[in-house]
Amino acid sequence: MPRHLLPILIATAIAALAASSPAFAQAQRLQIGGYAMAGGINFAASESFDAVLGSSSGSFFGGGGKVGLPWFGLFVDIGAWRFKEEGERVLRADGALYKLGIPVTITITPLELTGGWQHHFRRGAWRRLTPYVGAGFSSYSYTETSTFATTSEDVSDRFSGYHLLGGGEVKLLKWLGVAGEVAWTTIPDALGTAGISKEFGDTDLGGTSFRLKITVGQ
Amino acid sequence: MKLLRRSGATRSACLLAAILIATSTRMGRGQQAPFSGSSRVMMLDGGLPAIDRGLRDQDLPREARNRAANIEIVDRSELPLPYLRGSVIVKFKDGAAQNSMASALSQVSGSPTTRDAWADFDIVDIPPGLDAESAAAMLRARTDVEYAQPRYLNHAFSKPNDPLYANQWNFPAIDMERAWDIQPGATSAVIVAILDSGVAFRTTTLRYNSRFAFRLAPGGPRYPPLGIVDVPFAAAPELGASGSTRFAAPRDFIWDDELPVDLDSHGTHVAGTIGQVTNNGIGGAGMAYNVRIMPVKIIQSLWDEIFSSPNEGTDDIVARGVRYAADNGARVINLSIGRTEGGPAPVVQDAMRYAVGKGVFIAVAAGNTKDSGNAPNRIADFAPNIDGLIAVGSVGRTLEASYFSTTGPYVEISAPGGDQKQGGTSAGILQQTLNSDALETYNLPPSQYGPPKADEFAYYYFQGTSMATPHVAGFAALLMQQGVTNPAAIEAAMKQFATDKGAAGRDDVYGYGLINPRATLRGLGLAR
Chain A
1 MPRHLLPILI
11 ATAIAALAAS
21 SPAFAQAQRL
31 QIGGYAMAGG
41 INFAASESFD
51 AVLGSSSGSF
61 FGGGGKVGLP
71 WFGLFVDIGA
81 WRFKEEGERV
91 LRADGALYKL
101 GIPVTITITP
111 LELTGGWQHH
121 FRRGAWRRLT
131 PYVGAGFSSY
141 SYTETSTFAT
151 TSEDVSDRFS
161 GYHLLGGGEV
171 KLLKWLGVAG
181 EVAWTTIPDA
191 LGTAGISKEF
201 GDTDLGGTSF
211 RLKITVGQ
Chain B
1 MKLLRRSGAT
11 RSACLLAAIL
21 IATSTRMGRG
31 QQAPFSGSSR
41 VMMLDGGLPA
51 IDRGLRDQDL
61 PREARNRAAN
71 IEIVDRSELP
81 LPYLRGSVIV
91 KFKDGAAQNS
101 MASALSQVSG
111 SPTTRDAWAD
121 FDIVDIPPGL
131 DAESAAAMLR
141 ARTDVEYAQP
151 RYLNHAFSKP
161 NDPLYANQWN
171 FPAIDMERAW
181 DIQPGATSAV
191 IVAILDSGVA
201 FRTTTLRYNS
211 RFAFRLAPGG
221 PRYPPLGIVD
231 VPFAAAPELG
241 ASGSTRFAAP
251 RDFIWDDELP
261 VDLDSHGTHV
271 AGTIGQVTNN
281 GIGGAGMAYN
291 VRIMPVKIIQ
301 SLWDEIFSSP
311 NEGTDDIVAR
321 GVRYAADNGA
331 RVINLSIGRT
341 EGGPAPVVQD
351 AMRYAVGKGV
361 FIAVAAGNTK
371 DSGNAPNRIA
381 DFAPNIDGLI
391 AVGSVGRTLE
401 ASYFSTTGPY
411 VEISAPGGDQ
421 KQGGTSAGIL
431 QQTLNSDALE
441 TYNLPPSQYG
451 PPKADEFAYY
461 YFQGTSMATP
471 HVAGFAALLM
481 QQGVTNPAAI
491 EAAMKQFATD
501 KGAAGRDDVY
511 GYGLINPRAT
521 LRGLGLAR
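Quick mapping for you: the protein sequence lines, in order, are chains A and B.
Taking the working numbering, the leading residue of the first sequence gets 1, the next gets one more, and so forth.
Taking the working numbering, the leading residue of the second sequence gets 1, the next gets one more, and so forth.
Some clues are possibly wrong.
Here are the simulated lysine to aspartate or glutamate pairs, EDC-like style, with alpha carbons at most 16 Å apart [what the hints assert, rightly or not]:
#1 B/K93 with B/D59
#2 B/K495 with A/E199
#3 B/K495 with A/D94
#4 B/K91 with B/D52
#5 B/K91 with B/D59
#6 B/K421 with B/D59
Okay, the calculated beta carbon distance ranges per label pair [stated by the list, open to error]:
#7 B/A189 with A/F137: 35 to 45 Å
#8 A/G63 with B/R151: 30 to 40 Å
#9 B/D94 with A/S46: 23 to 33 Å
#10 B/E312 with A/G95: 35 to 45 Å
#11 B/D500 with A/I78: 40 to 50 Å
#12 B/D125 with A/L113: 57 to 67 Å
Derived from the structure by calculation, the hints contain no laboratory data.
For glycine and all other residues, C-beta sits at the position ideal for the given N, C-alpha and C.
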């Protein structure tokens with residue numbers, strides 16, 4: 001299946017699910033909120049990140065806004081976060097990896113636009129919980145700077161892909177909540193043309209992330 | 001045989017070994033106390049300082065010793081500007097009015113940024129398309145501006161300050177200035193063994209016995225025996241002080257002692273390319289200028305033959321030298337030697353396997369026979385079978401293969417070795433070595449022939465794969481210092497980052513291409 005069709009299919013599925021669910025009857029007013037988030041990501045290009053940064057995972061911080069639409073429990077979300085880590089340039093030769101002691105800084109700043117469906121429990125013990133799923137477009141700003149590099153040797157580029165996510169929000173107060181979310185992102189062909197990612201054949205800048213959010217608003 | 005090319009007439013005989021003419025044992029000049037024939041005696045440890053005779057750039061080119069594409073140049077137009085685009089530095093005069101400053105900024109379509117700590121000036125953003133130097137000039141012309149300038153980029157001063165560095169085209173040709181930014185000359189923790197004709201590493205006086213007359217060529221003039229002679233040696237000023245820790249575990253396999261002094265000039269020149277003292281405001285530069293040098297003499301010079309050295313540079317001597325270096329702390333071995341006559345050299349191959357197995361990287365010259373039959377160097381032609389041993393071809397100043405550089409399936413990498421057919425004397429590799437006028441008195445008529453002096457030095461341009469090989473050995477030392485300690489990994493890295501030349505991929509002329517120390521030392525980031 002062509003990659004670009006997947007988000008469309010997922011969005012269609014979410015819409016169909018929303019239309020057929022009890023939430024269909026939950027047509028609400030517009031809900032506007034914002035959030036701050038912290039999380040961790042496990043990069044798909046695990047060997048490459050591990051080689052340069054010493055780990056294939058890392059933490060990030062970000063925030064965003066969410067609008068609950070008055071139809072079918074649908075929502076749209078726009079969020080951004082930032083991952084920044086320092087590592088060392090490396091050399092892979094004769095099957096071994098050598099760290100060269102030359103500092104390199106990787107900064108990834110994704111912008112994510114998500115559409116999804118959320119379910120509001122109206123009664124019972126679950127009424128504070130709002131599970132949700134979504135999918136959307138991701139635009140990743142990627143910069144790589146290192147000591148001894150000329151301007152043309154540093155990297156500053158933007159790549160796009162898509163993501164799927166799911167999670168649940170628990171309202172602590174009417175206007176305050178916490179949410180946990182798992183997202184899977186693919187940013188194809190962002191890596192692999194040079195650097196250690198080419199050595200390892202890693203091309204995807206995405207990964208799987210867990211986010212913890214503090215939400216405000218209704 | 002040293003793989004440096006010299007004029008045939010003068011040395012064709014590396015030679016003359018075959019025509020040493022036994023004569024009566026009468027002693028010549030300098031005859032002194034009883035003396036054993038095939039030995040030498042240290043008469044004085046220490047002595048007068050070395051004499052520097054300066055640059056010898058008017059000498060005729062020396063042929064690369066031997067008995068036996070397309071140019072890819074860094075595109076200078078791609079070099080970054082020496083300053084940042086999009087902003088300039090401005091300092092307004094004290095008391096400049098706000099509207100005056102605003103007027104100044106509008107003149108360059110500029111906008112101020114927040115002033116940084118420890119700054120009494122401002123950074124003004126300007127449109128990226130506006131040349132920063134022009135913008136600064138416009139601002140400087142105003143009466144309310146104290147100064148304005150582009151944001152020029154500073155960098156480490158890795159360009160050596162040695163005055164003859166300007167003549168060493170070979171280092172900029174392989175981007176060494178930026179490589180030294182990353183790895184400035186390694187350290188004394190890395191020992192590079194130079195297995196060669198010896199190295200001018202010690203100030204001393206040795207007594208020799210010249211017992212035989214000889215001719216340099218059949219029918220040529222006869223040179224008489226000199227008898228017992230005292231030969232002064234000095235440490236090359238650009239290599240290090242005599243007796244200093246710069247030199248590690250010296251060993252002479254030609255004379256079976258620990259005085260591997262150079263009576264040829266080849267080994268000292270090679271040593272200079274690897275480790276010539278750099279940034280001392282004197283002479284030239286070397287690749288890995290902080291390493292320790294292990295002088296190991298495994299080939300004889302003409303003088304050693306005249307003085308009847310007990311050993312010559314046979315395969316077994318070479319093999320012993322290799323093993324000695326490996327057992328005594330060398331991390332890199334340079335072999336700017338070889339032979340084209342005879343069959344394989346399993347004894348050398350075995351020794352090299354032993355050394356590589358002990359973590360020693362070996363660079364060996366490919367040979368200088370391309371224009372004379374292209375016979376392979378028999379102590380290099382097995383290099384592809386040993387990861388950690390690399391056979392080195394030569395390129396000239398144009399970065400095209402040198403006319404003499406032997407080609408073949410065993411050539412693995414290329415480095416600057418000079419090509420004086422394409423540029424004259426100065427297209428060779430410049431280093432300090434022994435002054436040939438004082439050393440090679442056998443090039444004079446017999447009436448002027450006398451004992452050599454090995455305490456005078458000058459800067460000579462040599463050419464040969466002998467000269468290319470120490471670039472690779474020095475490069476290996478830099479990689480060792482950078483943490484790449486496995487010889488096989490060093491070889492793989494050199495090949496991986498080499499600048500491909502000639503036919504795409506590996507070829508028999510350049511191997512995997514021209515060494516690229518800067519790119520190799522810098523390694524890889526995540527995406528670039």
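Output the indices of the hints that this structure fails to meet, ascending. Numbers 1, 4, 5, 7, 9, 12, in rising order.
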